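Enquirer: Letter by letter, the chains look like this.
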Amino acid sequence: KNQVEQSPQSLIILEGKNCTLQCNYTVSPFSNLRWYKQDTGRGPVSLTIMTFSENTKSNGRYTATLDADTKQSSLHITASQLSDSASYICVVSARDNYGQNFVFGPGTRLSVLP
Amino acid sequence: GAGVSQSPRYKVAKRGQDVALRCDPISGHVSLFWYQQALGQGPEFLTYFQNEAQLDKSGLPSDRFFAERPEGSVSTLKIQRTQQEDSAVYLCASSLVAVELTGELFFGEGSRLTVL
Chain A
2 KNQVEQSPQS LIILEGKNCT LQCNYTVSPF SNLRWYKQDT GRGPVSLTIM
52 TFSENTKSNG RYTATLDADT KQSSLHITAS QLSDSASYIC VVSARDNYGQ
102 NFVFGPGTRL SVLP
Chain B
-4 GAGVSQSPRY KVAKRGQDVA LRCDPISGHV SLFWYQQALG QGPEFLTYFQ
46 NEAQLDKSGL PSDRFFAERP EGSVSTLKIQ RTQQEDSAVY LCASSLVAVE
96 LTGELFFGEG SRLTVL
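Going down the list, the protein sequences come from chains A and B.
Counting from 2, one number per residue, gives the positions in the first sequence under this note's numbering.
Counting from -4, one number per residue, gives the positions in the second sequence under this note's numbering.
I should point out that these hints are in silico values taken from the structure, not numbers from a laboratory.
Fair warning: there could be bad hints in the mix.
As the list claims (entries may be wrong) - Straight line, CA to CA, 30 Å or less: simulated DSBU-like cross-link-like pairs of lysine-lysine: (1) Lys52(B) - Lys73(B); (2) Lys73(B) - Lys9(B); (3) Lys2(A) - Lys72(A); (4) Lys52(B) - Lys72(A); (5) Lys52(B) - Lys2(A); (6) Lys58(A) - Lys72(A); (7) Lys52(B) - Lys9(B); (8) Lys73(B) - Lys2(A); (9) Lys18(A) - Lys72(A).
Being a predicted model, the structure only gives us computed values, none of them experimental.
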């Protein structure tokens, strides 16, 4: 069964600190991996999309990595800000009969404190 | 419009009532998805449209759930005889390209359904 796991479930850090969120997946056949940020009460917003051949992608203070061999991805947040407080969701896309099937992880809830 | 628009943002229904949730995707977007998100969980796939064709409805939890996109733009998710377990946020997402391509997914703000 296609699954996406994320760790930690929740994380509290102080403003200005760095942090790394983890994503492990068992999705086949792999198409791409996405990280989304979801503020409380809002819809998810895309941060990065990585295909099989990409092992790192940055978007401002967010850097995602992908190891397709070990089926792991990480999202590194540099110099955290209060506005980074949100849930971060890892989404892995598998190819199926209709094109792609998006499998969502449960998310990591990040709280950045002043 | 500028983004994916969903209405209503909040809906409270008595158990047994029917509800209809609307999604207005970004103009010209081919793909449209509906997801159900329980509190503290990631979104779970419900159904997928490519233009007006419903290509995948494997995630709909029961025959009480029905979705349509008759003209290939606005979509409606209908839940009949609502149950308490239907309480969740219903997210709509659209993409410019067909799902077999690596397109950006744009999400709406969601419709929060509470069934009493």
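Enquirer: The structure should be examined with respect to each hint, and the outcome stated for every one.
Expert: Evaluated hints:
At most 30 Å may separate the alpha-carbon atoms for a hinted pair to count; lysine 52(B) and lysine 73(B) meet this at roughly 13 Å. Taken as a hint, the lysine 73(B) and lysine 9(B) pair is honoured in the structure, with Cα atoms around 15 Å apart against an allowance of 30 Å. Restraint check for lysine 2(A) and lysine 72(A): satisfied, since their Cα atoms lie roughly 15 Å apart, inside the 30 Å limit. Using a Cα cut-off of 30 Å, the hinted pair lysine 52(B) and lysine 72(A) holds, with the two alpha carbons roughly 28 Å apart.
Of the pairs offered as hints, the one joining lysine 52(B) and lysine 2(A) holds, with about 18 Å between alpha carbons and a cut-off of 30 Å not exceeded. With a C-alpha separation of about 16 Å, the suggested pairing of lysine 58(A) with lysine 72(A) holds against the 30 Å cut-off. Restraint check for lysine 52(B) and lysine 9(B): the C-alpha separation of about 26 Å stays at or below 30 Å, so the hint holds. At most 30 Å may separate the alpha-carbon atoms for a hinted pair to count; lysine 73(B) and lysine 2(A) meet this at roughly 28 Å.
Restraint check for lysine 18(A) and lysine 72(A): satisfied, since their Cα atoms lie roughly 27 Å apart, inside the 30 Å limit.
Checked against the numbered hints listed earlier, the structure breaks none of them; every hint is satisfied.
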